[in-house]
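**Student:** Whenever a hint applies, use it, and build me the whole structure from the sequences.
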Amino acid sequence: MANAVNEALIRDVIEDVLGRLGGSPAIVTAAPVAKPAGDNGSCGCPSKVSGGRDFGVFQTADEACDAAAKAFQQLRGQGVEARRRIVEIVKNLCEENDEEWGRIELEETKIGRLDHKIEKLQIIRDVPGVEWLRPDGLSGDHGITLEEYTPFGVVGAVTPSTHSIPTLAGNIVNIVAAGNAVVFNAHPAASRCAALAVRKFNEAIHRAIGIENIATIIEQPTLESFGQMCANENVRLLCVTGGPGVVDAAMKTGKRAICAGPGN
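Take the sequence shown: its letters are residues 1085 to 1348, numbered as in our numbering.
Derived by calculation from the structure, the hints in this document are not laboratory data. In this text, all values refer to a predicted model and were calculated from it rather than measured experimentally. Just to be clear, a hint being listed does not mean it is correct.
Simulated restraints, written as ranges between beta carbons of each label pair [unchecked claim]: (1) K1339 <-> T1229: 24 to 32 Å; (2) R1187 <-> L1222: 50 to 58 Å; (3) E1172 <-> K1339: 48 to 56 Å; (4) G1163 <-> E1231: 29 to 37 Å; (5) E1165 <-> T1229: 36 to 44 Å.
Every residue, glycine too, gets a C-beta built ideally from N, C-alpha and C.
**Tutor:** Below, the structure written as structure tokens:
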């Protein structure tokens, strides 16, 4: 497949992740993070709730991508006002849960400071939303030109272990404000807190406007799920925040990619 991620690149990313987590780079066939005994990597919430709904959390990349594609079509039908409401829901939840989510993330990742994590959730309020989407119009002797931004569709996103929920929330604000849905393959060392936040966002969004999976996530991410997400035909754009290995892999998938963070 033209867009499949090169096996050598995936091997490099595995080595990079294992190196950062203190594992052995030689073990390239294992999942990127070894879970403690009795830990299945779940976010701690039931896999299905209230009538069998997933609320954004899926076991495979293809399931997450397909669900996001359906949500994108629903979002298109509800217009810019639906985008605005989703952005407001995400910002409100980050403010309301800043201390709890900051603590949960710190307990999982053992990285950073609690006050920093809380502050990063609080400043999601300042992330640009639909108010930045302003069409440009020109008129002249030969007619009128209107330039207006249009969405890609489904964005595949990778988030880091350093500030998982704030990065994820900021991505949702930007991506949904522009009219897209998003699929997350979180860093394995911060996957549980990320899945918890995605579920909470989707529950609130579904209650408010009836769209369930505008942001989806693979519950137990691996390098294999990263490759599957990149290769999925629904994913039109990649948004990657991570180390040099994953950024290099994303830039070589054959898809348009916005990448940041090599050297963190």
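**Student:** With reference to the structure, classify each hint as holding or not holding.
**Tutor:** Evaluated hints:
At roughly 29 Å, the beta-carbon separation of K1339 and T1229 lies within the given 24 to 32 Å, and the hint holds. In this structure the hint that R1187 and L1222 lie 50 to 58 Å apart at CB holds, the actual value being about 51 Å. For the hinted restraint 48 to 56 Å between E1172 and K1339, the CB-CB distance of approximately 30 Å leaves it violated. Taking 29 to 37 Å as the suggested C-beta distance range, the pair G1163 and E1231 does not conform, at roughly 19 Å.
At about 26 Å, the CB distance of E1165 to T1229 disagrees with the hint of 36 to 44 Å.
Of the numbered hints given earlier, the model fails hints 3, 4 and 5; all others are met.
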